[in-house]
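K.L.:
Let's have the full structure, built from the sequences with the hints guiding it.
Chain residues, written in single-letter form:
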Amino acid sequence: MRKYLFLMLMLVLSLSLGAASAQEPVTIDWWHISTETSQAAYWQQLADAYMAANPNVTINITVLENAAFKQRLTTVMQAGDPPDLFQSWGGAVLWTYADNGLVRNIAPELEGEWKDSFAAQAALELFGQNGEYYGVPVSWGAVGMFYNKSLFEKAGVEIPTTWDEFLGVVQTLKDAGITPIALGEGEKWPGHFWWVYLATRLGGQEAFLKAYDRSGSFTDEPFVKAGEYLKQLVDMEPFNAGFLGMTHPESEGVFGNGEAAMMLMGQWAPDAQAQYSADGQGIGDDLGWFPFPAVEGGLGHPDDVFGGGDGFAVGANAPDEAVDFLKFLTNEENQRGSAFFLVPVVKGLDDVFADDPVMQSILTARDSAPYFQMYYDQFLPPAVGSAVNDAVETIFAGVASPEEAAQAIEEAAAMELSQ
Amino acid sequence: MSISRFRVLSTPYEQAQTDRRRRQWDKALFVALFTLPGMSLFFLFVLIPIMQSAYFSLYDWNGFGPPTKFIEFDNYTRLLNHSIFQTALVNSFTLMILSLTIQLPLALSLALLVGRGKLHGKKFFRTVLFVPYVFSEVITAIIWRYVLSPNEGALLNALLGAVIPNFQPVGWLADRHTVIYVLFAVLTWKYFGFHMILYMAGLQGIPADLEDAARVDGGTEWQVLRFITLPLLGSTIRLTVFLSVLGSFQQFVLAWVLTNEGGPVNASQLIATYLYKFGITQLKLGYGSAVAVVFFAITLVFSLGYQRMIMRRDYAAN
Numbered sequence: 087m088r089k090y091l092f093l094m095l096m097l098v099l100s101l102s103l104g105a106a107s108a109q110e111p112v113t114i115d116w117w118h119i120s121t122e123t124s125q126a127a128y129w130q131q132l133a134d135a136y137m138a139a140n141p142n143v144t145i146n147i148t149v150l151e152n153a154a155f156k157q158r159l160t161t162v163m164q165a166g167d168p169p170d171l172f173q174s175w176g177g178a179v180l181w182t183y184a185d186n187g188l189v190r191n192i193a194p195e196l197e198g199e200w201k202d203s204f205a206a207q208a209a210l211e212l213f214g215q216n217g218e219y220y221g222v223p224v225s226w227g228a229v230g231m232f233y234n235k236s237l238f239e240k241a242g243v244e245i246p247t248t249w250d251e252f253l254g255v256v257q258t259l260k261d262a263g264i265t266p267i268a269l270g271e272g273e274k275w276p277g278h279f280w281w282v283y284l285a286t287r288l289g290g291q292e293a294f295l296k297a298y299d300r301s302g303s304f305t306d307e308p309f310v311k312a313g314e315y316l317k318q319l320v321d322m323e324p325f326n327a328g329f330l331g332m333t334h335p336e337s338e339g340v341f342g343n344g345e346a347a348m349m350l351m352g353q354w355a356p357d358a359q360a361q362y363s364a365d366g367q368g369i370g371d372d373l374g375w376f377p378f379p380a381v382e383g384g385l386g387h388p389d390d391v392f393g394g395g396d397g398f399a400v401g402a403n404a405p406d407e408a409v410d411f412l413k414f415l416t417n418e419e420n421q422r423g424s425a426f427f428l429v430p431v432v433k434g435l436d437d438v439f440a441d442d443p444v445m446q447s448i449l450t451a452r453d454s455a456p457y458f459q460m461y462y463d464q465f466l467p468p469a470v471g472s473a474v475n476d477a478v479e480t481i482f483a484g485v486a487s488p489e490e491a492a493q494a495i496e497e498a499a500a501m502e503l504s505q
Numbered sequence: 140m141s142i143s144r145f146r147v148l149s150t151p152y153e154q155a156q157t158d159r160r161r162r163q164w165d166k167a168l169f170v171a172l173f174t175l176p177g178m179s180l181f182f183l184f185v186l187i188p189i190m191q192s193a194y195f196s197l198y199d200w201n202g203f204g205p206p207t208k209f210i211e212f213d214n215y216t217r218l219l220n221h222s223i224f225q226t227a228l229v230n231s232f233t234l235m236i237l238s239l240t241i242q243l244p245l246a247l248s249l250a251l252l253v254g255r256g257k258l259h260g261k262k263f264f265r266t267v268l269f270v271p272y273v274f275s276e277v278i279t280a281i282i283w284r285y286v287l288s289p290n291e292g293a294l295l296n297a298l299l300g301a302v303i304p305n306f307q308p309v310g311w312l313a314d315r316h317t318v319i320y321v322l323f324a325v326l327t328w329k330y331f332g333f334h335m336i337l338y339m340a341g342l343q344g345i346p347a348d349l350e351d352a353a354r355v356d357g358g359t360e361w362q363v364l365r366f367i368t369l370p371l372l373g374s375t376i377r378l379t380v381f382l383s384v385l386g387s388f389q390q391f392v393l394a395w396v397l398t399n400e401g402g403p404v405n406a407s408q409l410i411a412t413y414l415y416k417f418g419i420t421q422l423k424l425g426y427g428s429a430v431a432v433v434f435f436a437i438t439l440v441f442s443l444g445y446q447r448m449i450m451r452r453d454y455a456a457n
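Line order of the protein sequences matches chains G and V. When you number the first sequence by this note's numbering, it's gap-free, plus one each residue, and the end is 505. When you number the second sequence by this note's numbering, it's gap-free, plus one each residue, and the end is 457.
By construction, these hints were calculated from the structure, which means they are not laboratory data. It should be emphasised that the depicted structure is a prediction, and the values quoted were computed from it without experimental measurement. Worth double-checking, as some hints may not be accurate.
Pairs of lysine to aspartate or glutamate, EDC-like flavour, derived with a Cα cap of 16 Å [as the list claims (entries may be wrong)]:
| no. | chain 1 | residue 1 | chain 2 | residue 2 |
| --- | --- | --- | --- | --- |
| 1 | V | K208 | G | E502 |
| 2 | G | K156 | V | E400 |
| 3 | G | K201 | G | E211 |
| 4 | G | K413 | G | E199 |
| 5 | G | K260 | G | E244 |
| 6 | G | K201 | G | E418 |
P.N.:
What follows is the structure, encoded as structure tokens:
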């Protein structure tokens, strides 16, 4: 009798052990930067759905504000302890992590059906190099000019299509007592949008790629001229008071409160200007969008787009479930659901912005661009990206000439890109 | 010398010597045992990292994997020639000097006022003035970002606008010439309460009869303060000067958040924010280590010098 009992106990024990190993608990640490309530709730909802379908998986979400995220991620990366899934913009920052074994190559999982599902293939390429992939985009957009329709109407101005027309609009707005442009230059990257867009219009793909592969230089004409065009604008004093010390969220507030007529910003602006406005509503239907003006005589195509998007990279020690969850995040249904704050990157979603003209024009601009210029401060190595941001800031502050700014960028590039 | 069959007893003199040696040995063991936990932590988290920094500072290293690219003293040459590092040094010294000449005297006068003056509601003021010190630096910085904002309705500009006709809102944190003084004002707001409490504690240790005696002898209030109170408060003042100087040099969090990473245009960069920005966020840890070594040398020279020359008598008194 005792013997039987013992045997049965062994049986039960071994069975339960077997079951446990099939359902081994797995934890996924996921860092994202969607601080806005409905966006954070959407990610949480997807995590909950995945956890319900996979009871052995626990997904811990850490929500961080953009600037705080960058700082914290740098720290954990130096410590060699990356999160399993984290916000990434692709480009050199991600490639640096890859070169140091801090992210996981997901090419085996990605190749085939998953990879083919992406409409924005160029975006996907920024999350990989040399046939390896470390993450995927979830949103890909374009930087462009957001404007306040009622302020434009009040000043009696039309949408400008060239840089000269644009400067004219700025002047007319100023004369009408309206702050023409909202800018949070305290964080530096919003200002680099202006300079890079001008450089892209002036020099196009060729000038950038030459400077990047070192057959050219950041002191080449388009980059110096970009500074000169920008200086023209800065000299008109078109920005909100105290823009040099202002953060990006604060400037979104200025625009969202209807205190400035334009803002050069990315696809997140429609949400951000509402989120950071005083009443939480933003400017509503007054929001319009137009592409960055063409520059007369520039070598870049006027339809070239500067921008980037968001994606998630997979940390080096991430479990297989993290990759599977990432696949789940980017399936057609979940991408469709996320279109209220992201610009989807997978196929079959051309109709998502049918009733949102602003987002529709961003999507069209993205998909019809002959050349897509990625954010410099993500595409280039951190020290160069940071030098770009710092140098452009000196133009905004009027403390350095366009030549000096270009020179400062070139110095960093010469040191970092030659290796 | 023949080998004795008997064990030779030690003489009383030898015995005493052995005892003393044993006592000394015991004492050394005792000291070693009790300092071991502290010393091992000190080695692990202070000495070794300092030596590592010195080693890393000779490399061009991005912090991933072991450093391999040896560049001798290039990091130091670049550092000393970098204009923003010079700005950071000047700013750190400016904060230090302003702290000593404005913040500490302010704290001292308030301590005299609410600590022993005949002011009504002393306790209330004492608490209120100490409150800013209780806030974390990040919270302080964020509160002040709101207060100083040039946006419509922000506190400081609104107040000034109400008092001064035709007042145009000022971007207090946007002017690279004044941002360091704005930073100092906020630092003072946060830290004078701390120094005030130290002074108040010091004042309590001064016997009232000494001051009374001076008054009886015909001393004016000013003379009592100048010749009795302040000299007796000397050790506290020397301590607050020490803390204040080191505090100005080490300031990071509040400056980082308040000024957006040392902006505008790096005009409010301090040594510590410079280290973080140009070392860590740009993934140049070799360079950052060189900054850290220079930073360490400055504070070490000051600390040792100050303690040996100025605070020595305070230690001797104990």
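K.L.:
Against the earlier hints, flag every one the structure doesn't satisfy and list their numbers going up.
P.N.:
Structure breaks no hint.
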